Each structure stands twice: as structure tokens, then as C-alpha cells.
Amino acid sequence: MALLEVNELAVTFNTPKGPVYAVSDVSFAVDKGQALGIVGESGSGKSVTVKSLMGLLPRTAKIDGSAQYEDVDVFNMSKDRRKHFYGVDIAMVFQNPMTSLNPVKRIGEQLMEGMRFHRGLSRDAAKSRAIELLDLVRIPDPTKRLSQYPHELSGGMRQRVVIAMALANDPALLIADEPTTALDVTVQRDILDLLDSLRRELDMALILITHDLGVVRDRTDSIAVMYGGRVMETATTEEVFADTEHPYTQALQRAIPDMSMPRGTRLDPIPGSPPDLAITPVSCPFAPRCTFATDECRTSIPPLSAVPGSETHRYACFHPQGLVAAASTVGGEA
Amino acid sequence: MKFIATRIVQMVLVVLAVTLLAFGAMNFLGDPLFNILGPIANEDAGPEFAEVRAEARAEYHLDDPFIVRYGRWLGDMATGDFGRSFKNQTQVSTEISNRLPITLILMVYAQVLSVLISIPWALWTASRAYRLPDKVSTVVSFGMLGVPVFALVVLLFWLGAVRWEIFPTRYDDETIGARLYSMFLPALSLAIPLIATYQRLLRTDLISTLQEDFIAVARAKGLPQWRILFRHALRPSLFSMLTVFGIQTGALIGGSLVVESYFGIPGIGAAVIEAIIRDDFPVVLAVVVIITVIFVVVNFIVDLLYSFLDPRVRLDG
Numbered sequence: 001m002a003l004l005e006v007n008e009l010a011v012t013f014n015t016p017k018g019p020v021y022a023v024s025d026v027s028f029a030v031d032k033g034q035a036l037g038i039v040g041e042s043g044s045g046k047s048v049t050v051k052s053l054m055g056l057l058p059r060t061a062k063i064d065g066s067a068q069y070e071d072v073d074v075f076n077m078s079k080d081r082r083k084h085f086y087g088v089d090i091a092m093v094f095q096n097p098m099t100s101l102n103p104v105k106r107i108g109e110q111l112m113e114g115m116r117f118h119r120g121l122s123r124d125a126a127k128s129r130a131i132e133l134l135d136l137v138r139i140p141d142p143t144k145r146l147s148q149y150p151h152e153l154s155g156g157m158r159q160r161v162v163i164a165m166a167l168a169n170d171p172a173l174l175i176a177d178e179p180t181t182a183l184d185v186t187v188q189r190d191i192l193d194l195l196d197s198l199r200r201e202l203d204m205a206l207i208l209i210t211h212d213l214g215v216v217r218d219r220t221d222s223i224a225v226m227y228g229g230r231v232m233e234t235a236t237t238e239e240v241f242a243d244t245e246h247p248y249t250q251a252l253q254r255a256i257p258d259m260s261m262p263r264g265t266r267l268d269p270i271p272g273s274p275p276d277l278a279i280t281p282v283s284c285p286f287a288p289r290c291t292f293a294t295d296e297c298r299t300s301i302p303p304l305s306a307v308p309g310s311e312t313h314r315y316a317c318f319h320p321q322g323l324v325a326a327a328s329t330v331g332g333e334a
Numbered sequence: 001m002k003f004i005a006t007r008i009v010q011m012v013l014v015v016l017a018v019t020l021l022a023f024g025a026m027n028f029l030g031d032p033l034f035n036i037l038g039p040i041a042n043e044d045a046g047p048e049f050a051e052v053r054a055e056a057r058a059e060y061h062l063d064d065p066f067i068v069r070y071g072r073w074l075g076d077m078a079t080g081d082f083g084r085s086f087k088n089q090t091q092v093s094t095e096i097s098n099r100l101p102i103t104l105i106l107m108v109y110a111q112v113l114s115v116l117i118s119i120p121w122a123l124w125t126a127s128r129a130y131r132l133p134d135k136v137s138t139v140v141s142f143g144m145l146g147v148p149v150f151a152l153v154v155l156l157f158w159l160g161a162v163r164w165e166i167f168p169t170r171y172d173d174e175t176i177g178a179r180l181y182s183m184f185l186p187a188l189s190l191a192i193p194l195i196a197t198y199q200r201l202l203r204t205d206l207i208s209t210l211q212e213d214f215i216a217v218a219r220a221k222g223l224p225q226w227r228i229l230f231r232h233a234l235r236p237s238l239f240s241m242l243t244v245f246g247i248q249t250g251a252l253i254g255g256s257l258v259v260e261s262y263f264g265i266p267g268i269g270a271a272v273i274e275a276i277i278r279d280d281f282p283v284v285l286a287v288v289v290i291i292t293v294i295f296v297v298v299n300f301i302v303d304l305l306y307s308f309l310d311p312r313v314r315l316d317g
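Protein chains in written order, with the working numbering: chain W, 1 to 334; chain S, 1 to 317.
Read the hints as simulated data drawn from the structure, not as lab findings. Do not take every clue at face value.
Some, not all, of what chain W presents toward chain S, calculated at C-beta under 8 Å [as the list claims (entries may be wrong)]: (1) Gly87; (2) Asn96; (3) Asn102.
The list that follows gives simulated cross-link-like pairs (lysine-lysine, DSS-like), each with its CA atoms no further than 27 Å apart [what the hints assert, rightly or not]: (4) S/Lys2 / W/Lys105; (5) W/Lys144 / W/Lys105; (6) W/Lys32 / W/Lys79; (7) W/Lys62 / S/Lys135.
Note that the structure is a prediction, hence the values are computed from the model and not measured. Glycine included, each C-beta is placed from N, C-alpha and C at the ideal position.
Build the full structure now, drawing on both the sequences and the hints.
Spelled out as C-alpha cells, the structure:
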């Protein structure tokens with residue numbers, strides 16, 4: 001059974017200029033101990049999706065649809081359940097470690113407050129747990145770090161502290177929202193590998209948000225590709241790379257740099273820019289940038305369809321490019 | 001340490017400059033001898049007063065050059081001797097030591113009230129920014145800022161002491177409790193504009209702090225709202241308020257002149273008003289020096305507190 005199941009999630013922001021449809025009709029599920037990658041470019045609704053789950057959206061946001069975490073209805077929790085839900089059942093790691101830590105509080109204090117509040121640990125117990133956590137995220141000399149301030153640590157170290165903070169109460173699900181975007185390239189890989197190994201070690205589910213399809217390839221069990229606030233394609237990681245149906249997913253794949261490509265090969269960027277979400281959605285959001293778009297794509301929204309023979313692979317496109325297309329061509333000729 | 005040393009040198013220079021200006025004003029604006037003796041200081045008043053005049057000149061060293069008198073006055077002050085009052089010949093230092101503590105209590109009282117009221121108020125409004133309670137608070141605080149102190153004392157006195165008879169009409173220093181109780185209205189009238197000032201500043205800084213990522217992180221940690229406000233948002237938001245706190249100490253001394261006279265509190269403010277009316281320069285000078293020192297010291301402490309508020313602020317700049 002799924003640990004977290006999101007169904008037909010829609011988030012609308014009411015702005016003075018009218019509603020903005022940030023997320024529409026998003027469904028996905030994460031199983032216990034599994035990793036889901038949510039992939040998409042800026043403005044695709046990935047962050048808004050997880051922020052809605054974390055209860056971090058401003059009051060102007062209107063949330064529809066449902067999110068079920070074990071026996072908890074995430075959007076309609078009782079006050080008692082909510083008190084010890086975030087930071088205990090689900091925890092989150094943010095994009096920018098330079099701004100994720102309170103600059104005026106010592107690392108130790110920030111690590112300990114969550115456990116002390118949720119678990120009622122004594123100061124000493126929380127302190128030894130904090131040292132244990134810093135050790136877990138491979139920070140050298142953990143005892144010394146407790147009395148340091150965030151500005152005394154490098155970006156990579158700070159992100160490790162943020163991860164340690166998120167792990168404080170052994171969450172069953174960790175959401176990492178572009179955890180390496182703000183980091184130095186040399187550190188990015190370390191952090192991603194750390195998250196991957198922690199997930200295995202702690203048997204924790206992970207939602208990894210990224211704009212880089214290459215990042216999720218070796219680190220996730222399944223993938224949801226988002227664009228314009230909608231899920232374009234969702235499948236197991238294996239399936240997505242074996243058989244890419246959606247033109248957008250294909251375009252993302254072509255944008256991954258590959259070390260084996262000959263020197264001088266240019267990456268293939270996606271022309272155009274993301275859609276304006278303030279317009280009532282009536283078409284496939286990718287249609288304006290898609291080489292395969294037809295009138296059908298511009299006048300109606302393609303529903304999520306299943307790839308025949310797969311229970312997990314779905315795509316939202318009228319002109320699938322993978323095996324589905326090949327099969328229909330063969331079928332057409334027969 | 002270097003910062004502290006530099007600041008101390010600066011403070012001494014500021015105090016010296018103020019004393020020079022004040023002492024110069026006493027000696028060059030009008031005739032000091034006239035201020036001491038009144039009309040008989042004039043040569044035309046008749047030869048029978050010549051002896052008195054000579055005596056006064058000798059006692060106050062009026063025949064010495066300005067710079068010598070200034071040096072002597074500074075030196076005496078350093079030993080705690082503010083000279084004698086022109087009018088009743090009492091030691092100014094005695095008068096000051098009787099009255100200064102009362103004014104200090106009044107000022108601290110007003111600041112404590114302001115801080116205790118403005119901080120929770122700002123937290124409450126910032127966490128409801130741009131919603132109805134915040135909008136109402138904005139109107140209320142601008143109202144509080146707009147009422148001048150002299151109107152405020154009359155209004156509070158009438159409401160608190162006359163109409164509702166909650167507070168005594170007279171200053172009462174029988175016990176510490178009675179003193180604080182009878183000083184409540186005076187302190188409140190000094191505090192009301194301060195409360196509004198602090199609330200405005202802190203609210204604005206809090207609103208921007210609450211947008212910070214580390215606040216979202218604290219929320220994601222599942223911490224309750226009050227804890228996020230007090231433990232995470234408050235401290236990094238205190239800078240502007242703290243700066244103004246230091247500066248307002250000066251305004252507070254000015255305000256206490258009005259408040260002390262109105263409520264009959266025998267503080268330094270009431271003393272300086274009497275002294276100004278009677279051209280009693282030694283008293284005025286002493287008060288000016290003391291006020292300067294308080295102001296400079298409070299602002300020095302404020303500078304030290306910045307580094308306490310934010311460990312990234314280094315004092316050795």
C-alpha cells in the first residue's frame with residue numbers, strides 16, 4: 001500500500017489579477033521506503049505541490065483534491081494529529097541551505113528543538129541525538145558543530161545540517177525540494193548520494209524534486225514529469241528511460257549532458273518559455289513549445305492515458321512518441 | 001576590543017563637545033554675573049553693591065579666562081562637584097542625586113512598558129499582516145503617534161486619576177510599590193508614542209523575516225506558530241527597533257520634562273525647568289551633562305547589543 005497517495009491535487013492562487021492555476025489534476029503515490037522523483041522546469045508546479053502537502057502555502061492558496069498519508073487525510077487533519085505530524089511523519093529539505101538555517105541560532109539549538117518539541121527529549125538526550133544525526137550525515141567533528149553558527153559552515157555542510165534536522169524524528173517520508181540547486185557542482189553529487197544512502201539506511205520514502213532528469217535516473221524508483229502545473233508522464237524510472245512517451249520528457253532527456261557525447265556536441269534546449277498559469281487551462285500546456293502539437297492539443301487537455309501492458313506508466317499526450325506510437329502504427333498497417 | 005576602545009574615545013569626545021557648547025552658552029549668552037546677582041550686578045546699581053559684585057566675581061572666578069574656568073568646571077565635575085546653585089547656594093550635586101534616580105526610574109519604566117506592550121503587539125499583527133487586526137492596529141498606532149505628550153498627560157490624568165480614580169493624583173514615594181503605582185500614568189504617557197513607534201518598526205521587520213526560508217523550515221519542522229514567532233522570527237527582526245530605542249532615550253528625557261512638571265514628580269526634568277526659568281545655569285549645565293552621558297552610554301550599549309542579536313555582526317570593524 002502507498003505511504004502517500006495524492007489524488008487530483010489542484011492549487012489555485014487567488015491574486016488581484018485573477019486566479020493562477022499553479023497545479024492542476026496532479027496524482028502520484030509513494031510507497032514505503034521508495035523514492036519518487038518529481039521532474040520539471042521552473043514554474044512547473046513541483047514546489048507548490050510539495051508545499052501544499054507540507055502546509056506551507058499562503059492563505060491565498062486554494063487546495064482541492066486529496067492527499068492520504070497512511071490513515072491521515074493531510075488536508076483535513078485534526079489539530080491534535082497536526083501538532084506532531086510535520087517534522088515527525090513527513091519532513092522536508094529546502095532548496096537553499098544558505099537561507100534555510102536561522103542565522104542567529106546555534107546549529108545545536110536548531111537541531112534539538114524539533115526533537116524536544118515533538119518527542120519531549122531532555123536536553124542531554126537531544127544533544128546526544130543531535131551528535132548522532134550530524135555523524136549520520138557525515139559531518140566531521142559533530143560535537144564542535146553544535147555550538148557553531150550557520151555562517152561558520154560551508155554551503156554543503158549547511159545542507160547536511162538541514163538534512164540532519166529533517167531526520168531528527170525519523171520521518172517515514174522525506175521531501176527534498178531541489179536540494180542541490182543552490183550548491184557548488186562538486187558538492188551536488190555528494191548531497192544527492194547522501195540522500196540516496198540515507199533513504200536506504202533508514203528505510204525512508206523520498207520525494208526528490210529536481211529540474212534535472214539525469215539526477216533522478218539512478219536514485220529513484222519512479223518519476224513524475226510535470227509541466228505547467230500538470231503531470232505529463234509518470235512511470236517507474238526504468239520505464240521512463242526505456243520508453244519515453246511524452247514529447248516533453250523526451251525534450252528533457254535531450255537536455256541532459258552526456259559525457260560520452262563527442263566534444264562540441266550542443267545540448268538541445270527546449271525552445272520557448274513555460275506557460276502563463278493565470279489563463280484558464282483549456283489546452284495541453286506544452287502545446288506552444290511542442291513540435292508535434294496539432295489543433296487537438298491546442299483546444300483540449302490530453303487526459304492521462306495508460307501505456308498498454310503497464311500498470312504504472314501513464315502519459316498525458318495526444319501524440320505519444322514511444323512504444324505506444326510504434327504499436328499504433330503497426331496496428332494501423334495490419 | 002578595538003571597537004570598544006574606539007567607541008569609548010568617541011563617547012568622551014561627544015561629551016566634551018557638549019560640555020564646551022553648554023558652558024560657552026552660559027558664559028557668552030548674557031552676563032553670568034547678572035544671572036547670579038540679578039539687577040544689582042549692573043555697575044549703575046550703585047557703589048554700595050561693588051563689594052557684593054567683587055565677592056561674587058571672586059567666588060565664581062569670573063575674572064579668569066574662559067578656558068581656565070571651563071577646565072576648572074570640568075575638573076570639579078569629574079570629582080562629582082557640579083558647583084553651587086546661583087539661586088539658593090545649595091550644592092547642585094545634592095539636588096541631582098536626589099532627583100536623578102526618580103527620572104531614571106520614570107524613563108526605564110516607560111521603556112519597559114513600551115517594549116513589553118509593543119513586542120507582543122507587533123508579533124500579533126505581523127503574523128496577521130494585511131488582515132483586519134493588522135489594519136486596525138495600523139490606525140491605532142498612528143493615532144498613538146499623533147497625540148502630543150502634553151495632550152496625552154492631560155487625557156491620561158483625567159481618565160486614570162479623575163474620572164475612574166484608579167491611580168493617585170499625586171506622586172507618592174512612601175514605598176517602592178506606591179512609587180511605581182503613582183508613576184504608572186506618567187510612564188504610560190511617555191510610553192504611548194514609543195509603543196506605537198516600536199510596533200510599527202518591529203511589525204515591518206517581522207513581516208520580512210517571516211518571508212525568510214528559515215521560517216518555512218521551522219514550519220516544516222512542525223513547530224507551533226508562537227514558538228516560530230518568539231524563537232525564530234523575533235530576534236533577527238529587532239535591529240531597527242533597537243536602534244530607535246537608543247535614539248528615543250533622548251526624546252524620552254525631553255518628554256519627562258513635561259510629564260514630571262504635570263504630575264508633580266520631583267525629578268530632574270522638573271528641576272531643569274525651574275532652573276531655566278530662574279537662569280540657574282549650574283543646575284542646567286549639570287542636567288545637560290548628565291543627559292548627554294545617559295544618551296551616549298545607552299547608544300553604546302545598543303551598539304554592543306547588535307552583536308548579541310546577530311552573531312554575524314563583528315565588533316572589531
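Which numbered hints are broken by the structure, listed smallest first?
none
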